[in-house]
Amino acid sequence: MHHPLILPMAAHVALAALLYLLLTIARAPAVWGIGRRADGANPWAEMEPRISANLSNQFEWPLFFYAACLVLMQMPSPSTAAVALAWVFIAGRVLHSAVQILTRNIRFRGLVFTINFLAVLGLWACVVLP
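Residue 56 in my numbering sits at position 6 of the sequence shown, with consecutive numbering throughout.
Heads up, none of these hints are tricks.
FRET-style restraints, in silico, Cβ to Cβ: (1) 134 to 75: 29 to 39 Å; (2) 156 to 114: 15 to 25 Å; (3) 63 to 126: 23 to 33 Å; (4) 164 to 91: 29 to 39 Å.
Source of the hints: derived by calculation from the structure; they are not laboratory data. All C-beta atoms, glycine included, are put in the ideal place defined by N, C-alpha and C.
Starting from the given sequences, assemble the full structure and let the hints guide the process.
Pasting the structure below:
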């Protein structure tokens with residue numbers, strides 16, 4: 051049986067893989083000419099920088115998520131709170147990606163990021179205060 055924190059970690063890897071796929075699709079008209087408009091324009095040109103920025107975001111704050119999970123995995127048994135916080139982080143990451151890619155609402159994106167931020171701080175509290 052897998053450790054309970056493996057699935058949230060794998061879910062984040064899946065999210066990053068999906069973002070790589072979306073970025074490839076968004077760049078296909080410019081790079082390979084696949085999906086260009088009749089006038090030669092890339093229909094994804096406006097969205098491509100947002101996908102790229104979001105993909106970069108997956109390698110910033112999530113570093114602390116992975117570090118906390120790896121430390122917690124070395125402990126005898128993770129608390130229910132730790133596992134719940136890991137899933138809250140993943141839900142927040144998915145929502146953050148959707149907001150960043152599909153909207154230009156920076157205030158809402160910041161609010162959603164706060165979910166991720168607090169979930170990781172909570173994970174670290176589980177590490178430090180077992």
